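Take these sequences, add in the hints, and give me the full structure.
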Amino acid sequence: MKADAHHRHAESLKRAIALARPDPTTSVAIIENAWGAAYHWISYGCIRKYQQHRDKHQGLTAYLIGLGEQHLAQWWCNVEDVRQAGFYGNQAGESEVQEALELLEHIRTWATT
Amino acid sequence: MKMGPLPAWLDEATAALVKETVNLLIKRHADILLAVILFGSVARHEERPPDDASPSDVDLLAILDTTDRLVNTYREDIFATIIDAYALHLDAPREVNVLLSDRTMQTWDSMFLDNLARDGILLYARGSLPAPLAA
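Protein sequences appear in the order of chains A and B.
Residues 1 to 113, numbered by this note's numbering, are exactly what the first sequence covers, in order.
Residues 1 to 135, numbered by this note's numbering, are exactly what the second sequence covers, in order.
The reader is advised that the hints may include incorrect statements.
What the hints assert, rightly or not - Incomplete in silico selection of chain B near chain A, CB under 8 Å:
{"id": "1", "residue": "Ile82"}
{"id": "2", "residue": "Val98"}
{"id": "3", "residue": "Leu100"}
{"id": "4", "residue": "Gln106"}
{"id": "5", "residue": "Asp109"}
{"id": "6", "residue": "Tyr124"}
{"id": "7", "residue": "Leu129"}
{"id": "8", "residue": "Pro130"}
Unchecked claim - Quick list of the computed label-pair ranges, beta carbon to beta carbon:
{"id": "9", "chain 1": "A", "residue 1": "Gln51", "chain 2": "B", "residue 2": "Ala131", "range": "48 to 56 Å"}
{"id": "10", "chain 1": "A", "residue 1": "Gln51", "chain 2": "B", "residue 2": "Glu76", "range": "37 to 45 Å"}
{"id": "11", "chain 1": "B", "residue 1": "Pro7", "chain 2": "A", "residue 2": "Gln51", "range": "22 to 30 Å"}
None of these hints come from the bench; they were simulated from the model.
All figures in this text were calculated on a predicted structure; none of them were measured in a lab.
All C-beta atoms, glycine included, are put in the ideal place defined by N, C-alpha and C.
Structure below.
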């Protein structure tokens with residue numbers, strides 16, 4: 001996938017997040033979308049800054065560390081934790097949604113500046 | 001739940017990353033770390049191989065001595081520790097995902113807890129496990 005496609009997907013997921021009304025029935029979906037958007041922003045940012053990216057989420061943490069992007073790798077691991085805890089563990093409350101969205105904003109800022 | 005070691009079917013490079021992660025978590029967060037459990041497909045020996053297009057991740061659960069699920073006071077430092085472990089083992093073919101949990105585990109999905117109790121491999125423990133896993 002090319003940079004513009006990653007950007008488009010990230011923006012689309014961001015709009016879906018904005019449209020969702022956070023409540024117990026939508027929080028898992030918001031977190032999933034935040035995770036997806038984070039992945040697309042990372043791909044977009046990697047192409048923009050390094051002219052390369054990893055076109056799948058598997059192995060992304062090591063890939064980012066290899067690029068010297070420790071902070072980004074840390075945010076990505078953090079988003080993975082929030083997502084997995086929501087998906088598998090039923091841990092998807094208001095605090096988790098807020099954490100996911102804050103991490104997404106860190107990642108979006110990294111990708112676009 | 002049985003106490004470690006790491007399963008023999010885990011490749012050497014990933015095993016080294018898992019050991020580094022657990023050891024660094026113990027070293028830097030001993031005051032708050034209660035247990036580390038290996039769970040998921042690798043624990044069950046149902047993992048996809050490292051040369052698969054989507055190799056299975058290694059899933060770890062770190063249980064922390066807090067009642068805050070998001071472990072907000074320590075969260076940033078813990079993920080920094082995980083990244084430091086990664087940086088020493090970039091050759092590992094599998095990702096290691098660390099899931100954080102508070103010590104109560106009261107709101108976790110019951111099926112997830114059952115799977116943890118049945119298949120999980122305890123890699124580190126300080127004191128007794130949370131009630132949902134202790135039975």
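Here is how each hint holds up against the structure:
1. Ile82: With a minimum Cβ separation of about 6 Å from chain A (threshold 8 Å), the hint on B:Ile82 holds.
2. Val98: 7 Å, holds
3. Leu100: With Cβ-Cβ at 6 Å, under 8 Å, it holds.
4. Gln106: 11 Å, violated
5. Asp109: Nearest chain A Cβ about 4 Å off; hint holds.
6. Tyr124: At about 18 Å, which exceeds the 8 Å cut-off, the nearest Cβ of chain A leaves the hint on B:Tyr124 violated.
7. Leu129: Cβ of B:Leu129 sits 16 Å from chain A, so the hint is violated.
8. Pro130: 13 Å, violated
9. A:Gln51 - B:Ala131: 48 to 56 Å: Once the Cβ atoms are compared, 52 Å apart, the range 48 to 56 Å for B:Ala131 and A:Gln51 holds.
10. A:Gln51 - B:Glu76: 37 to 45 Å: 30 Å, violated
11. B:Pro7 - A:Gln51: 22 to 30 Å: Because 39 Å falls outside the window, the suggested range is violated.
Hint violations for this structure: numbers 4, 6, 7, 8, 10 and 11, all remaining hints satisfied.
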